[in-house]
Structures are given as C-alpha cells and as structure tokens.
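As given, the protein sequences belong to chains D and F, one line each in that order.
Under the numbering used here, residue 112 is the last one in the first sequence; the count climbs by one each step, no gaps.
Under the numbering used here, residue 1113 is the last one in the second sequence; the count climbs by one each step, no gaps.
Derived from the structure by calculation, the hints contain no laboratory data.
All values reported here derive from a predicted model rather than from experimental measurement.
Note that CB positions come from ideal geometry on N, CA and C, so glycine has one too.
A hint or two may mislead.
To be verified - In silico DSS-like cross-links for lysine-lysine, where the CA-CA straight-line distance does not exceed 27 Å: (1) F:Lys1040 to F:Lys1019; (2) F:Lys1022 to F:Lys1040; (3) F:Lys1044 to D:Lys71; (4) D:Lys71 to F:Lys1041; (5) F:Lys1044 to F:Lys1009; (6) D:Lys58 to F:Lys1009; (7) F:Lys1040 to F:Lys1071; (8) F:Lys1044 to D:Lys49; (9) F:Lys1041 to D:Lys49; (10) F:Lys1036 to D:Lys49; (11) F:Lys1067 to F:Lys1009; (12) D:Lys111 to F:Lys1040; (13) F:Lys1071 to D:Lys49.
What the hints assert, rightly or not - Residues from chain F that face chain D, not an exhaustive set, calculated with beta carbons under 8 Å: (14) Tyr1010; (15) Leu1043; (16) Met1046; (17) Val1060; (18) Phe1064; (19) Ser1065; (20) Gly1101; (21) Phe1104; (22) Gly1105; (23) Gly1107.
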Amino acid sequence: AQSVSQHNHHVILSEAASLELGCNYSYGGTVNLFWYVQYPGQHLQLLLKYFSGDPLVKGIKGFEAEFIKSKFSFNLRKPSVQWSDTAEYFCAVRGNNNDMRFGAGTRLTVKP
Amino acid sequence: DTAVSQTPKYLVTQMGNDKSIKCEQNLGHDTMYWYKQDSKKFLKIMFSYNNKELIINETVPNRFSPKSPDKAHLNLHINSLELGDSAVYFCASSPQARLAGYTFGSGTRLTVV
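Isolated chain D (complex conformation) (with noise of 0.2 Å):
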C-alpha cells in the first residue's frame, strides 16, 4: 500500500526565509504527486502536481517541488515566505489504484 511521510510537523519561519518542507513516498509502481495547501478555515487547494518530464515542478504563488526517484522524495520550496504563506501543507500521492493518500500534513507560520 502506498503511504507519504512528512518530517516537519510544524515550521515557523520569517518573512523572507526560504522554505523547503520534505514528502517522502512509498509506493511500488508509478505515482502521480501533489501538494496541496489549506488556509486557516478553507478547504484543500491544489499547489502543484508531478507526473512525468522535468522532474522539477512550478506551481502557484511561487511555489515548486522536485522529484527524486532515487530518494522517493517530492520536497516543497519556495525561496522567500510571506505572512499569507502560513497555511498547512499536504503532501499526497496517487497510485494505479487510482486512490489519493495524504501525508500528515505540516503547519507553516511565517512570523511578520
């Protein structure tokens, strides 16, 4: 069964910091990856999403992720924060099986 792991379960940074938040995957066959963001009191939105090609990936508001096979990573970056970033992050992954799995979800405050 496929399964995301997320190492930080909560980051705070400053304004102006580079972000970079880890998304590890276990899966056996190929998968499709995505990062969702939820703001305070709203519902999941779509960040970016991997299939194929260029490994590394730009989404909205400035955000992008690469893909390393190797290391069954799909890592979250963003290289300067702003206040309005401090959301909860989701990494997720869907398989053959057509099914999305989530990871646990990391908090990121971005102090002013």
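Starting from the known structure of chain D, fit chain F onto it as the hints suggest.
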C-alpha cells in the same frame, strides 16, 4: 459556480442522532470521495465512488453509509453519532485521469455533543 459544494458547512448535533452531509460537483468528474480530517489535521479517505459504484471502502464504522444517486452527487449518512465522529468532512472529486488532482469542497465541520 462552486465546483464542489457541501452542505451544511457546520453541523452541531447530539450523540445518538442520525445526520446527513450532502455533496454535489458540477465538474463532470467521474469519481467522488469523502475524507475525514481530525483535530490534528490528518486526512483519511473514507469512501470513493466511481460512476455510482463504490470502489474504496476503508475501515470506517458501518454507521457511515455513502449514497450516490448519480455521478454528480455523493452524500454521507451517519447513524448513531458518537463523540469521536467530530471532525471536518471533506468531499472531493476527480476525473478518471491519474494526472488530475482532486477538487475539494469547503468542508463540513461536524461537532457531536
């Protein structure tokens, strides 16, 4: 114009009651899902329906029963509500293609007292 709409947004009810949450999507997607998000923000898939057929039924109590009258609707009925059922329930939908992500509804915050 909401793509995935859930009602109600908030639901407060007493233990032992039966309640339903409705979900509708106007995206023409083939598959719909119910997820439960607990107080620690952990998202767990509960059910998935593809063209009105159940394709995932995770180990949730049988007090929870999904109903899909057509592929645009997936409702969640809960019998004999318990305190531990308190959570935010998200409906989502997706096309068949694996490349596509899910589109989530705005969630229903269920509080059982």
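Hint check:
no. : hint                   : result
1   : F:Lys1040 to F:Lys1019 : 23 Å, holds
2   : F:Lys1022 to F:Lys1040 : 24 Å, holds
3   : F:Lys1044 to D:Lys71   : 25 Å, holds
4   : D:Lys71 to F:Lys1041   : 26 Å, holds
5   : F:Lys1044 to F:Lys1009 : 19 Å, holds
6   : D:Lys58 to F:Lys1009   : 32 Å, violated
7   : F:Lys1040 to F:Lys1071 : 31 Å, violated
8   : F:Lys1044 to D:Lys49   : 20 Å, holds
9   : F:Lys1041 to D:Lys49   : 21 Å, holds
10  : F:Lys1036 to D:Lys49   : 22 Å, holds
11  : F:Lys1067 to F:Lys1009 : 19 Å, holds
12  : D:Lys111 to F:Lys1040  : 22 Å, holds
13  : F:Lys1071 to D:Lys49   : 25 Å, holds
14  : Tyr1010                : 11 Å, violated
15  : Leu1043                : 4 Å, holds
16  : Met1046                : 11 Å, violated
17  : Val1060                : 14 Å, violated
18  : Phe1064                : 17 Å, violated
19  : Ser1065                : 19 Å, violated
20  : Gly1101                : 4 Å, holds
21  : Phe1104                : 4 Å, holds
22  : Gly1105                : 6 Å, holds
23  : Gly1107                : 5 Å, holds
Going through the hint list in order, the structure does not satisfy hints 6, 7, 14, 16, 17, 18 and 19.
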